[in-house]
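Participant: Okay, here's what each chain looks like letter by letter:
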Amino acid sequence: MNEMHYRFPPAAAYPLNRCLYALKSDDAFRARFLADAKAAMAEHGLDADAQAALLAADRDALVARGAHPYLVFMADLRVRMARGTGTFEYF
Amino acid sequence: MLVGAFACAHTPQLIARPASEDRELVLRVHAAFARVRRRLAMLRPDAIAVVAGDHVEAFFLDAVPALAVYAGAEAAGAFGPYRYRFPVHEPLARAVVEQGIERGFDLLYTQGAPLDYAFFVPLHFTMPEPAVPILPLHVNVYLPPQPTPRRCHAWGQALGQILGARPERVVLMASGGMSHYPGTDRYASPDFDWDRRILDTLRDGRGAELAALTGEELDKAGNVELRTWITVLGAVGAAKAELYCYEPSWHHGNAVVEWAV
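Sequences listed follow chains A and B, in order. So the first sequence is numbered by this note's numbering: it starts at 1 and just counts up by one. So the second sequence is numbered by this note's numbering: it starts at 92 and just counts up by one.
It should be emphasised that the hints constitute simulated quantities derived from the structure, not laboratory data. One should not assume that every hint holds.
Said to hold, decoys possible - Among chain A residues calculated to face chain B with C-beta under 8 Å, some are:
#1 M4
#2 F29
#3 L71
#4 M74
#5 T85
#6 F88
Note that CB positions come from ideal geometry on N, CA and C, so glycine has one too.
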């Protein structure tokens, strides 16, 4: 139970974290992901396992691969907002 | 001079509310924000210095500053459908960078990094009319290793001295907290008891005690963002906190606080 919730991001996970960051913060990349997720993920050089985890929005698998939990959380929220799958009340 | 100090929650569900969120709770937090807005109108600040934890927006893994100052002419960003832009109080920003470095804080400064929603959400609800310039002050809260609470408190003490010697009327506003664990398997189990103990400490004017917390304790309590509050606590000293609201949702301890300075 001494595992920290937010850990030093392993260098090997840089492409995955870069892809999550782009999903969170880059509107154009998010649009490309929504149109063709595999092609978009290939831009960041994600391997097959990382692609599968991201396509399944499998948080635990992504975090186990070194993804930063906050990036997983907000990338998923921004994709859902962009898809319009949830309803949001904007203030 | 420092004329006011606040801490505000900024969770995105307060501005973009999904069906999962209790609308009445969200509106109660908005009411606390409205109270801050009225107080800001009374305090007539020349600038609002917002201390916030960047959500890996301005700074990705390409460069991770512990402490940073936004020293551009204006700061802009986007979140969902929101596009926002604020004038920055440039003389104040420059003074904070120059004097902060002089005092031994190796600050990063930026004149163009995107402004995260951690800055935007509280300002969206609390900016008085007419609007005043801001000074964005970054504290790394999400990318380990983060600055220690003791370092954040020391930076806040220096900030208090720097701002206190300035001619402008400045309000400090911490953005963030309290307990929440975004992206982790503890998301639905915040540590509200921990939050309430901290709030009791702050109401007693014993905020300096928070400088002795460790990074591990903050992480365990879902309070990595409390570093922004601890920074402001360095500036307000033994001032007692007035609690505007503490609204625990299913995933977040939403607090709004004022320190009379």
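Participant: State for each hint whether it applies.
Facilitator: Against the structure, the hints come out as follows:
1. M4: With a minimum Cβ separation of about 5 Å from chain B (threshold 8 Å), the hint on A:M4 holds.
2. F29: violated (13 Å)
3. L71: Check passed: Cβ of A:L71 comes within 6 Å of chain B, closer than 8 Å.
4. M74: This hint holds: A:M74 lies near chain B, its Cβ roughly 7 Å from the closest one there, short of 8 Å.
5. T85: This hint is violated: A:T85 lies away from chain B, its Cβ roughly 10 Å from the closest one there, beyond 8 Å.
6. F88: holds (5 Å)
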